[in-house]
Amino acid sequence: MTRYVCVWVPNWPLAAAVSEGVTDATIPAAVHDSRSLIAVSPVAVRRGVRRSMRRRQALAICPDLQLIADDAARQARAFEAVMSGISEVIALPVIVRPGLVIADARGPERHCGGALPLAERTTGAIIEASGAEGYVGIADGILAAILAARTQRIIEAGASAEFLSSQPLTALLSAAIGPTRIAETRELVNLCARFGIHTIGEFLGLSRSAVATRFGASGLAAYDLADGRDVVLPHAAPHEGDVSVGRDLDPPVTTTTAAAFLARTLAEQLAERLAARHCTHLVVLARTVQGSEYERTWVVSSTDGGVALTPRDVTDRVRWQLDAWLTGRGEAPPDGELAHLQLRARGVGLGSGRGVPLWGKTRAREGGERVLTRLQSLAGLDNVYVVLPQGGRDPRGRALVRPAIASTTVARTEAGPWCGALPGPAPTTVLDRRIAVTLRDANGCDIPARAGELGWMESPRHYRLAAPLAGVPREGEVLEWAGPWPMHERWWRGHGVRVYLQLVLAQAPPLLIVGIADTWRVEGSYD
Amino acid sequence: MLGSRTIMWSLVSAAMGQDGWCVVVGLSDVGWYAAQQAGVSLERVLYLPEGATPPILAAAIDGADVAVLGPGHRLTPAEVRAMSARLRNRGSLLVTSAPWPGAIQLDARITHATGCSNGAGYVSEWILEARRGPTRVRLAAGETVRTYEPLAVVS
Numbered sequence: 001m002t003r004y005v006c007v008w009v010p011n012w013p014l015a016a017a018v019s020e021g022v023t024d025a026t027i028p029a030a031v032h033d034s035r036s037l038i039a040v041s042p043v044a045v046r047r048g049v050r051r052s053m054r055r056r057q058a059l060a061i062c063p064d065l066q067l068i069a070d071d072a073a074r075q076a077r078a079f080e081a082v083m084s085g086i087s088e089v090i091a092l093p094v095i096v097r098p099g100l101v102i103a104d105a106r107g108p109e110r111h112c113g114g115a116l117p118l119a120e121r122t123t124g125a126i127i128e129a130s131g132a133e134g135y136v137g138i139a140d141g142i143l144a145a146i147l148a149a150r151t152q153r154i155i156e157a158g159a160s161a162e163f164l165s166s167q168p169l170t171a172l173l174s175a176a177i178g179p180t181r182i183a184e185t186r187e188l189v190n191l192c193a194r195f196g197i198h199t200i201g202e203f204l205g206l207s208r209s210a211v212a213t214r215f216g217a218s219g220l221a222a223y224d225l226a227d228g229r230d231v232v233l234p235h236a237a238p239h240e241g242d243v244s245v246g247r248d249l250d251p252p253v254t255t256t257t258a259a260a261f262l263a264r265t266l267a268e269q270l271a272e273r274l275a276a277r278h279c280t281h282l283v284v285l286a287r288t289v290q291g292s293e294y295e296r297t298w299v300v301s302s303t304d305g306g307v308a309l310t311p312r313d314v315t316d317r318v319r320w321q322l323d324a325w326l327t328g329r330g331e332a333p334p335d336g337e338l339a340h341l342q343l344r345a346r347g348v349g350l351g352s353g354r355g356v357p358l359w360g361k362t363r364a365r366e367g368g369e370r371v372l373t374r375l376q377s378l379a380g381l382d383n384v385y386v387v388l389p390q391g392g393r394d395p396r397g398r399a400l401v402r403p404a405i406a407s408t409t410v411a412r413t414e415a416g417p418w419c420g421a422l423p424g425p426a427p428t429t430v431l432d433r434r435i436a437v438t439l440r441d442a443n444g445c446d447i448p449a450r451a452g453e454l455g456w457m458e459s460p461r462h463y464r465l466a467a468p469l470a471g472v473p474r475e476g477e478v479l480e481w482a483g484p485w486p487m488h489e490r491w492w493r494g495h496g497v498r499v500y501l502q503l504v505l506a507q508a509p510p511l512l513i514v515g516i517a518d519t520w521r522v523e524g525s526y527d
Numbered sequence: 528m529l530g531s532r533t534i535m536w537s538l539v540s541a542a543m544g545q546d547g548w549c550v551v552v553g554l555s556d557v558g559w560y561a562a563q564q565a566g567v568s569l570e571r572v573l574y575l576p577e578g579a580t581p582p583i584l585a586a587a588i589d590g591a592d593v594a595v596l597g598p599g600h601r602l603t604p605a606e607v608r609a610m611s612a613r614l615r616n617r618g619s620l621l622v623t624s625a626p627w628p629g630a631i632q633l634d635a636r637i638t639h640a641t642g643c644s645n646g647a648g649y650v651s652e653w654i655l656e657a658r659r660g661p662t663r664v665r666l667a668a669g670e671t672v673r674t675y676e677p678l679a680v681v682s
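Same order as they appear, the protein sequences are chains L and Y.
Residue numbers 1 to 527, in the numbering used here, belong to the letters of the first sequence in order.
Residue numbers 528 to 682, in the numbering used here, belong to the letters of the second sequence in order.
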């Protein structure tokens, strides 16, 4: 399992307000999202104010409490200073949300000479760059890393499962991205609590299929996350399927207002290019007139694609990032005006296309998910199949039929020439059972199945089926035939040659015959 | 619908449209690639090889735009009537090869196939005679389904 390093800045909404000079660290203050408090300063905590209190209740306890409205743009803008500190130590950090950053730990660990020096240097760099206190956690898997950061721990390799199993189930909320997924996860946690399931270990004691039946896709995502599988981040390596839009800016952009307009048009262009596919990461890349480049990565969706973020959310992220750069936050602000801006969607189409697309119609998808869950609960989890189109040379291999629940089998890519594929329309019937056939030539001699291996053979004139097949007489005359098409695939794994043959019969659908290891058998028919 | 899966998949594809879902229940020996060639988007197909029970069929009719039912169902006449009422109510389409009272019945029979000639070529089209009541029509099925217009033979 991949080792991750997670940096968490506690109480970030408040820390951002302090760093922008909206409030002072010495007076009691709290940030609210117009419903309840989301961050409380230590001074206010000492006076008895707590998180998720109502505003009126908090003011009753502490009358001189300064209430600050939450501002997502401010959080993101101020976080750029922290990011510049982190990127001095860690390559390619990814912003999950302002205040929470995740990165692959393997490289930085080697570079710093161990997990402890890495944590020390990261904390130091953050304090130097922004004055904020960052908590660093290192563990196997995303969820474990996020939780380890809460307590500033370094979990040894292999010990993450044990660490996770004792954590409360509410910890799943910390790795949920987007309002929909957070609400779904909260519902799951509440329901489990009522069933007496309070820790992640107890949750993992349930069977995966039971969780899938009850909670659907979001339940599966939570289960995989608890199990230590990485459902939030795909691999960091650049993927060839990245979708990007870019624009040269002339005249160069200097003000945040101009940047906001730009962010909107670019986000819309990106949405158009992505069509109905979804992406997991958004990379914002800018070049200044001096030619230096700046780049930041944001997580916009988990790899299962269960979270739908609107183009507006993407616009916001781009706007915040541009805002941060243009107002000169961070250690090294861009050396001049922005001359080129590029947005790149990464992890496009991951999640096998079964999730909710990031953009486009979601109602049809949701309808499909609902009927899938309903059918699974009626027919049994393993009895509902999905069909995935894939590349291949024979008609049977062109579609992968697998239980909707299995997520491990991956379809072959459809792209590519697939040289030697069978020509013409595909057989409409592809038999699940095996029916042997004997073929005879004009002299009445049997034609062996190996006869066509070189691409030519005697003309078959007569056939006889070993078992009855609906709509086809047991034996009869062959009017016309085509083939043979020998197919020698995966010979390095010991697969033999298959020979395909088409027979046109009188008053019956044409048959597709395949010869495998000395026997001809019916592969399918055309009707 | 009896006798031709090409016609069946073309119907299903037309009824599914751009974003409809299809549930296939109790149908065996399915040539999925042919279904894809007929225009069915396989990503929006759910497949249950067996278990065509009334609750499953009801769930399929409720949730999907098209339900395909294979030949081997064991529904009582009363259940069939209930399903028909549900179909009318939901506006879904059921395509089945089992006898279904009150349904539009299409029969197809293959007459001949073209494209092969003594080992050369490949089956490019097969000619179907489709029948609905007294109406008969000849169709050429292959990559697409079209009406069959034989060439005039000039001696």
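Hints in this document: simulated from the structure, not taken from any laboratory.
A virtual CB, placed ideally from N, CA and C, is assigned to each residue, including glycine.
You may find that some hints are simply not true.
[Said to hold, decoys possible] Per label pair, the in silico range of CB-to-CB distance:
no.	chain 1	residue 1	chain 2	residue 2	range
1	Y	Pro626	L	Arg474	19 to 29 Å
2	Y	Asp634	L	Leu454	19 to 29 Å
3	Y	Ala612	L	Glu268	22 to 32 Å
4	Y	Asn616	L	His198	25 to 35 Å
5	L	Arg450	Y	Ala647	31 to 41 Å
6	Y	Asn616	L	Asp33	18 to 28 Å
7	Y	Pro628	L	Arg450	15 to 25 Å
8	Y	Gln545	L	Arg55	14 to 24 Å
9	Y	Gly566	L	Pro168	22 to 32 Å
[Unchecked claim] Among chain Y residues calculated to face chain L with C-beta under 7 Å, some are:
no.	residue
10	Thr533
11	Gln564
12	Trp627
13	Tyr675
[Said to hold, decoys possible] So, partial list: chain Y residues that the calculated Cβ filter (under 8 Å) puts toward chain L:
no.	residue
14	Trp548
15	Trp559
16	Gly578
17	Pro581
18	Pro626
19	Gly642
20	Ser644
21	Val672
22	Thr674
Evaluated hints:
1. In this structure the supplied range 19 to 29 Å holds for Y/Pro626 paired with L/Arg474, their Cβ-Cβ distance being about 26 Å.
2. For Y/Asp634 paired with L/Leu454, a C-beta distance near 43 Å fails the hint of 19 to 29 Å.
3. Checked against the given bound of 22 to 32 Å, the beta carbons of Y/Ala612 and L/Glu268, roughly 46 Å apart, lie outside it.
4. Under the hint 25 to 35 Å, the C-beta atoms of Y/Asn616 and L/His198, about 44 Å apart, miss the expected range.
5. The hinted range of 31 to 41 Å is not satisfied by L/Arg450 and Y/Ala647, whose Cβ atoms lie roughly 21 Å apart.
6. Roughly 44 Å separates the CB atoms of Y/Asn616 and L/Asp33, a value that falls outside the hinted 18 to 28 Å.
7. Taken as a hint, the range 15 to 25 Å is violated for the pair Y/Pro628 and L/Arg450, whose Cβ atoms sit roughly 51 Å apart.
8. Here the CB-CB span from Y/Gln545 to L/Arg55 is close to 47 Å, at odds with the stated 14 to 24 Å.
9. At about 51 Å, the CB distance of Y/Gly566 to L/Pro168 disagrees with the hint of 22 to 32 Å.
10. Because the smallest distance between the Cβ of Y/Thr533 and any Cβ of chain L comes to about 5 Å, under 7 Å, the interface hint for this residue holds.
11. A cut of 7 Å between beta carbons decides the hint on Y/Gln564: the least distance to chain L is about 6 Å, and the hint holds.
12. Contact between Y/Trp627 and chain L, as hinted, is not supported at the beta carbon level, the nearest pair being about 19 Å apart and thus beyond 7 Å.
13. A hinted interface residue such as Y/Tyr675 counts as satisfied when its beta carbon comes closer than 7 Å to some beta carbon of chain L; here the least separation is about 15 Å, so the hint is violated.
14. Checking Y/Trp548 against chain L: minimum C-beta separation of about 5 Å stays under 8 Å; hint holds.
15. Residue-level restraint check for Y/Trp559 holds (minimum Cβ-Cβ distance to chain L is 3 Å; threshold 8 Å).
16. With a cut of 8 Å, the hint placing Y/Gly578 at the interface with chain L holds, because the nearest CB-to-CB distance is about 5 Å.
17. Interface restraint check for Y/Pro581: the shortest CB-CB distance to chain L comes to about 10 Å, outside 8 Å, so the restraint is violated.
18. Using the Cβ-Cβ criterion of 8 Å, the hint placing Y/Pro626 at the interface with chain L is not satisfied: the shortest such distance is roughly 16 Å.
19. Satisfaction of the interface hint for Y/Gly642 is found here, the shortest Cβ-Cβ separation to chain L being roughly 7 Å, below the 8 Å cut-off.
20. Against a cut-off of 8 Å between C-beta atoms, the interface hint on Y/Ser644 holds, since the closest Cβ of chain L lies about 6 Å away.
21. For Y/Val672, the interface hint is violated, since its Cβ never comes within 8 Å of a Cβ in chain L; the closest pair sits about 10 Å apart.
22. For Y/Thr674, the suggested interface contact is broken, since its CB lies about 17 Å from the closest CB of chain L, more than 8 Å.
Consistency note: the structure conflicts with the earlier hints numbered 2, 3, 4, 5, 6, 7, 8, 9, 12, 13, 17, 18, 21, 22.
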